[in-house]
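Next come the chains, spelled out residue by residue.
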Amino acid sequence: MSITEVAPSIVPNFASNEDSGRKLAIICSKGNLDMAYPGLILANAALGEGVETMIFFTFWGFDMISKARMNDLQFSPAGNTAMHLPGTNAHIPQAMMPAPGMTAMATKMLKKQIADLDVPEVPDFLDQIVAAGGHLWACRMSADMNKYTMADLRDDVEGIISASDFIEMTEGAQLLFI
Amino acid sequence: MPVVEIAGKPIHVNEEGFLTEYGEWDTDIAKVLAKQIEVDLTDEHWKIINFLREDFKVQGETATSRRVQTVGGVPVKEQFALFPKKPAKKMAYIAGLPKPKGCV
Chain A
1 MSITEVAPSI
11 VPNFASNEDS
21 GRKLAIICSK
31 GNLDMAYPGL
41 ILANAALGEG
51 VETMIFFTFW
61 GFDMISKARM
71 NDLQFSPAGN
81 TAMHLPGTNA
91 HIPQAMMPAP
101 GMTAMATKML
111 KKQIADLDVP
121 EVPDFLDQIV
131 AAGGHLWACR
141 MSADMNKYTM
151 ADLRDDVEGI
161 ISASDFIEMT
171 EGAQLLFI
Chain B
1001 MPVVEIAGKP
1011 IHVNEEGFLT
1021 EYGEWDTDIA
1031 KVLAKQIEVD
1041 LTDEHWKIIN
1051 FLREDFKVQG
1061 ETATSRRVQT
1071 VGGVPVKEQF
1081 ALFPKKPAKK
1091 MAYIAGLPKP
1101 KGCV
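Same order as they appear, the protein sequences are chains A and B.
At position 117 of the first sequence (counting the first as 1) the number is 117 in my numbering, and the numbers step up by one without a gap.
At position 103 of the second sequence (counting the first as 1) the number is 1103 in my numbering, and the numbers step up by one without a gap.
Watch out, some of these pointers could steer you wrong.
[Stated by the list, open to error] In silico BS3-like cross-links for lysine-lysine, where the CA-CA straight-line distance does not exceed 30 Å:
| hint | chain 1 | residue 1 | chain 2 | residue 2 |
| --- | --- | --- | --- | --- |
| 1 | A | K30 | A | K112 |
| 2 | B | K1085 | A | K30 |
| 3 | A | K30 | B | K1009 |
| 4 | B | K1057 | A | K111 |
| 5 | B | K1099 | A | K23 |
| 6 | A | K112 | B | K1099 |
| 7 | A | K23 | B | K1057 |
| 8 | B | K1101 | A | K108 |
| 9 | A | K23 | B | K1077 |
| 10 | B | K1035 | A | K112 |
| 11 | B | K1057 | A | K112 |
| 12 | A | K30 | B | K1031 |
| 13 | B | K1077 | A | K67 |
| 14 | B | K1035 | A | K111 |
| 15 | A | K147 | B | K1035 |
| 16 | B | K1101 | A | K111 |
Honestly, the hints are just simulated from the structure, not real lab data.
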């Protein structure tokens, strides 16, 4: 190709979403291992795109930021009709799901699959989200129900706040409830 | 795919401006790319860029922010400080590599 055919310079548009005021609020309300991840993956992706991101942990989602529980989230196939025998499309009969050891086995398998993708465990993932500028908030009502104070939560949780506080501080944000 | 002139050389890029030929990149080109997105390259930046180049050669895909931390040894927080707002894409762009495909 001759020099005369060279196109003008093309520079990717890395304009920050902050300039457009884009914000994302994620409410994490589940404490199952499998349901902890969607919020974390989306938060991490949003932060990587320069979107200000706030996560509110409520109800069972509180386990994700509880020092005592965050390392022991579990996955149960019970009630999950999308659960198949590994590597196949065959359903596992729901009647088998409550069998002793099933949750432990399923949790171990899921953790391995996640680790194989080089996706961090939940506490480590939250470390990364905070390092990327994400904000973590805990729900007042859930704290009261669990008799939790800030001392029981990850040190980087910015506060225990009411639902109205969270709604107020996320004005204009896009919102995900998980 | 368009061909543009960068640092006096004709270079293949995609429609967004990311280089498409691994072998066409050199440090002079990286300096121009960095300038175009307003990044002032320091030794810390080069450490990441060199890691990305080497890692791509072995893995065949661009390292994600996560991998730059766990394998490249540069914490995510530092990546955001060096390549503000969109570190993964900016690092890949300057290193002359495709955008990372991984979700995390």
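Hints, verified against the model:
no.	hint	verdict
1	A/K30 x A/K112	holds (21 Å)
2	B/K1085 x A/K30	holds (29 Å)
3	A/K30 x B/K1009	violated (54 Å)
4	B/K1057 x A/K111	holds (29 Å)
5	B/K1099 x A/K23	holds (23 Å)
6	A/K112 x B/K1099	holds (26 Å)
7	A/K23 x B/K1057	violated (36 Å)
8	B/K1101 x A/K108	holds (26 Å)
9	A/K23 x B/K1077	holds (19 Å)
10	B/K1035 x A/K112	violated (42 Å)
11	B/K1057 x A/K112	holds (27 Å)
12	A/K30 x B/K1031	violated (46 Å)
13	B/K1077 x A/K67	holds (22 Å)
14	B/K1035 x A/K111	violated (42 Å)
15	A/K147 x B/K1035	violated (53 Å)
16	B/K1101 x A/K111	holds (22 Å)
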